[in-house]
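Q: Based on these hints, arrange chains B and C on the given structure of chain A.
Protein chains in written order, with the working numbering: chain A, 1 to 242; chain B, 243 to 470; chain C, 471 to 527.
Hints listed in this document are in silico derivations from the structure and should not be mistaken for laboratory results.
Note that CB positions come from ideal geometry on N, CA and C, so glycine has one too.
Treat the hints with care, as some may be off.
As the list claims (entries may be wrong) - Examples of chain A residues lying across from chain B (beta carbon under 7 Å, computed): (1) Trp24; (2) Met143; (3) Ala144; (4) Ser148; (5) Val161; (6) Val165.
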Amino acid sequence: MWLWFHKLASPPHAYRLLGRMAPWFGWPALGLILLATWWGLFKAPADYQQGDAFRILYVHAPSAWMSMFTYVVMAVAAAVGLIWRIKLAHAASAACAPIGASFTFLALATGSIWGKPMWGTWWVWDARLTSELLLLFLYLGYMALRASFDDPQRADRASAVLAIVGVINIPIIHFSVKWWTTLHQGASVTKLAKPSIALAMLVPLFIMIAGFQLYFGWAISRRLRGEILRRERNAGWLKEAS
Amino acid sequence: MKRTPITHAARLVFQRDLTLAWRRWDEVTQPLIFYVVVTTMFPLATTPDLSQLRVISGGIVWVAALLASLLALEALFRADVEDGTTEQWVLSGQPLGWLLLAKTAAHWVLTGLPLVIMSPIVGTALGLPGEAWGALVASLLLGTGTLSILGGIGAALTVGVRRGSVLLSLLVLPLAMPLLIFGSRAVGMAMDGESPSGPLQLLAAIFFLSLSLGPLAMSAAIRISVEN
Amino acid sequence: MDLQNFLAMGGYAGYVWPAYGLTALVLVWNWWAARRSEAEALLNARRRNEYAREARS
Numbered sequence: 001m002w003l004w005f006h007k008l009a010s011p012p013h014a015y016r017l018l019g020r021m022a023p024w025f026g027w028p029a030l031g032l033i034l035l036a037t038w039w040g041l042f043k044a045p046a047d048y049q050q051g052d053a054f055r056i057l058y059v060h061a062p063s064a065w066m067s068m069f070t071y072v073v074m075a076v077a078a079a080v081g082l083i084w085r086i087k088l089a090h091a092a093s094a095a096c097a098p099i100g101a102s103f104t105f106l107a108l109a110t111g112s113i114w115g116k117p118m119w120g121t122w123w124v125w126d127a128r129l130t131s132e133l134l135l136l137f138l139y140l141g142y143m144a145l146r147a148s149f150d151d152p153q154r155a156d157r158a159s160a161v162l163a164i165v166g167v168i169n170i171p172i173i174h175f176s177v178k179w180w181t182t183l184h185q186g187a188s189v190t191k192l193a194k195p196s197i198a199l200a201m202l203v204p205l206f207i208m209i210a211g212f213q214l215y216f217g218w219a220i221s222r223r224l225r226g227e228i229l230r231r232e233r234n235a236g237w238l239k240e241a242s
Numbered sequence: 243m244k245r246t247p248i249t250h251a252a253r254l255v256f257q258r259d260l261t262l263a264w265r266r267w268d269e270v271t272q273p274l275i276f277y278v279v280v281t282t283m284f285p286l287a288t289t290p291d292l293s294q295l296r297v298i299s300g301g302i303v304w305v306a307a308l309l310a311s312l313l314a315l316e317a318l319f320r321a322d323v324e325d326g327t328t329e330q331w332v333l334s335g336q337p338l339g340w341l342l343l344a345k346t347a348a349h350w351v352l353t354g355l356p357l358v359i360m361s362p363i364v365g366t367a368l369g370l371p372g373e374a375w376g377a378l379v380a381s382l383l384l385g386t387g388t389l390s391i392l393g394g395i396g397a398a399l400t401v402g403v404r405r406g407s408v409l410l411s412l413l414v415l416p417l418a419m420p421l422l423i424f425g426s427r428a429v430g431m432a433m434d435g436e437s438p439s440g441p442l443q444l445l446a447a448i449f450f451l452s453l454s455l456g457p458l459a460m461s462a463a464i465r466i467s468v469e470n
Numbered sequence: 471m472d473l474q475n476f477l478a479m480g481g482y483a484g485y486v487w488p489a490y491g492l493t494a495l496v497l498v499w500n501w502w503a504a505r506r507s508e509a510e511a512l513l514n515a516r517r518r519n520e521y522a523r524e525a526r527s
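Looking at chain A on its own, in the form it has when it is part of the complex (with noise of 0.2 Å):
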């Protein structure tokens, strides 16, 4: 077993694998997410409150999962490469920033446009949105790290401890967010807050998550292929191959 995990650990070998991953990752992906996008645009029942406004919750949702999902593979993907020093983790985490981030940026944005029928305003400081605002801020601050360095085993190392101490900090952001707008009431108490939905509601939701996790799956594996070619360039596997 564990020669399989070392195995996997090469990068040819794992160059090979994603590859070949990738289009198993790539279709059903495109095909729930379609088939999410029809269902919650047309099948599933307007909303007694929101109305067809409420469809927004199909994007919006999956995209905040996501942001958060991606940040902590993220930072577990550090975490191995910085201690047990494996190369392709920290390809891994590289590899999974920019997707984190375009994730994070969508849920902000999905949210802001949400916001404004509901609440008349393009932006509100409520609970889900500060806390998706400041991932974005980890997000960037990992990417502007890793950029900052020329050497990258050095760039590698310290967006592994930034991404480590990030991801510690982020329930401590999110328990301290909420707390801040619990304080300041007003109209604030359920914004954005999932209506009790019925289920035929819900599982177009679902299957958005489904597709946007393998559609994770598949960006990552093109992604991580091309950080291997990039770090691998001296080694000989790739001379031969090419």
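A: Just chains B and C, lined up with the frame of chain A:
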């Protein structure tokens, strides 16, 4: 050969940094002046009306303290990394975390502590009432302490990066937001006559968490920056 | 439900469609960026191989 106990080594580091700073005291006063300048900006930018400023005075003092601390933190490890002292520490076999913590503590005494002492004065200029002084000082004591450790991690990661101070702020400020939330809230509650113990306890918890895990992250970061 | 009603989204069309549009944009960007990143790395690796081969011969 008898090895120097780490407590002795840490104290030496602490004293050395204080002595060095004493000879360059203008570097110590600069963050303090920045602090006062920034707090002055807020009334100029909004209103001279103390009753309006009062409401956000706790927040202004906290933001200014955070920014002033961050400005000073960038240089925390730079000098020692550049002249090779840090490398000696890494090679010495002494627990690196303690040495770095001693250095961070000295830095806090020189930058964080003056900010805390100045804070009631600065706060009063913004309309902060006397009842809130206790909460202000307590929250800033814990907050600047935590920030020194968080900033220390960031400084260790970015030492040697060109224009590292902006990057440092970008890395540390998001992590410091909870401190800001709880700290200014403590002051706000004290102003309203409520007990600020809730947020102060949360600040204390975060401080002790960073005190225990921070040196670990700092030494990992320093090793990365120093090793080739 | 006829097309007119569907597109109008109960009056919220101005919000729902841009939200989904942005989502599509981000997903497409991720797809494009991932493929480009891999293609660029492959191209660079091939080029380096060629130079190495030329240098040897």
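Q: Hint by hint, note whether the structure agrees.
A: Hint by hint, here is what the structure shows:
1. Trp24: 36 Å, violated
2. Met143: 10 Å, violated
3. Ala144: Result: holds, 6 Å to nearest chain B Cβ.
4. Ser148: 5 Å, holds
5. Val161: 5 Å, holds
6. Val165: 6 Å, holds
Hint compliance for this structure: hints 1 and 2 are broken, all remaining hints hold.
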